[in-house]
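Chemist: In our numbering, the protein residues as written are 1130 to 1512.
Take these hints with a grain of salt, some might be off.
Stated by the list, open to error - Below, in silico cross-link-like pairs of lysine-lysine (DSSO-like), each with a Cα-Cα straight-line distance of 27 Å or less:
#1 K1182 <-> K1156
#2 K1443 <-> K1379
#3 K1169 <-> K1443
#4 K1466 <-> K1443
#5 K1156 <-> K1379
Rather than coming from a laboratory, the hints here were simulated on the basis of the structure.
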Amino acid sequence: MAVEGVRRPAWAEISASAIAHNVRVMKALLGDTLLCAVVKANAYGHGAQLTTKAVLAGGADSLAVAIVDEGVELRGIGVSAPILLLAEIPPGTIFDALTNSLTLTVGSLDGARAVVQSAEELGGVHRVHLKIDTGMHRMGVDPSEVDEVIDVLLASNAIDLEGIYTHFSVADGSSPEDRAFTRHQIELFDEVLDHLKARGVTPRVVHLANSAGALGYPEARRTMARVGLALYGYLPEGWLSGELEEKGLKLETALSLHAKVVAVRRVQAGERPSYGRRRALEHSATIATVPFGYADGYPRRLFDAGAEVLINGKRYPLAGNVTMDQLLVDCGDDEVKLGDVVVLLGRQGDEEITAEEWARRGDTITWEILCGIGARVPRVLVD
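Given these sequences and hints, build the entire structure.
Modeler: Laid out in C-alpha cells, this is it:
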C-alpha cells in the first residue's frame, strides 16, 4: 500500500458536510428515484472510506464501485449498503465478489455463463444487473443479443436479475448532436425494456443516468440514478446547472488541498529556478518552496499553463517546473514566512482555485484532476 505523508505538511481536507449536502441536493432533484453514490477510484480522489460514510449519512441508497477490491474495502469497514460493480469482472474474481455480497454486472454472454457457474457453486441467490450497450461501445450486451443472455440468467435459481442499465457517452454535451445521441440511447434502451417486458422480464432496478444524465435528462431518472461527480460538488458541464438553479439548489465543493511553506529564499532577477531552467525571473523575487508535486497530483503541465497558488489570500504564480515532490512559487516582494499555509485547491480569503480551473489550464477534465490526487496525500475529514 502507498504510504500517506502524515509527517509532511501537505494534506487534503474533505468536507463531510459538503458531501452529505450534495447527496441531499441530488435526492431533492431526483424525487422518488433512488440515488446510487459512485465511490470508485478512491471516491474520485476524496478517500473511499471517508466519503462512503458521508454519502450514506447524507441519505444515499446504495453505492457503486469499479473493481472487486474497492467493494471488499468497503465491506471491511462495516458498510452493509448494496454495492454495485460497474463492470463485468474476470471469472476468477466472481467468487470473491459474491462472498462479499457485491452486486455483479453482466455485460456479455460469456460473462453471464461465468456468473451463473460461480453463483451455483457458491449456493444461495445473488443479485445481478444486466448492462446494455446503447452506443458507448465500451462494455455491455448488444440489444440484438439480449435474449440469449437473459435465457442463461433466468435459467438459474442462483441468480436474482435485480437490475438493468446502460451508460451515457455524451450526456454532458450541449450540442444538438450530443443531445440527439443521448436521446437515441434512451430510446434504444426503452426498446430493450419493452421487449423484455413482453417476455415477462421486469427487473426491479432500472438506471440510465449518471450525474450529467440526472441533471440534464429528467426522462432518464428511472428507479435509480448513478451519481458520481456531483456528489463531490462539481457539475460535469456548466449548462447542467439549470434545474438546480430553478429549484434554488447548489452543490458544494468537498475537497481542498493544502500545504505549508517549507523554505524561503531571495533569488535575483535572471535566475531560472527548478528543473530545466525554463523561465528567467524578470525581477528579484522571494521564492517559496511548497512540499507538493506531480507525484501528489499537481500536474506538471500547469506551470506552462500559468497556474497559481494561494498564500495569505493572494494568488501567486509558479516560479519553475513542477517537480515530483515540490513546487516553487514566485511571491514577488511580498513577505512570506516558513509555515504559511498554501492553498492549492480551495478557498483562502476572497480567492478560490477549483479543480475546474486546473482542468481548463491543463486541457483535461475535472474527473482526471480529482482522481489524480496521489495516495500519499493524507485525506482529513473536516466538519
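Chemist: It remains to establish, for every hint, whether it holds in the given structure.
Modeler: Evaluated hints:
1. K1182 <-> K1156: holds (17 Å)
2. K1443 <-> K1379: Judged against 27 Å, a Cα distance of about 26 Å means the pair holds.
3. K1169 <-> K1443: violated (34 Å)
4. K1466 <-> K1443: Status holds; Cα separation ~14 Å.
5. K1156 <-> K1379: holds (12 Å)
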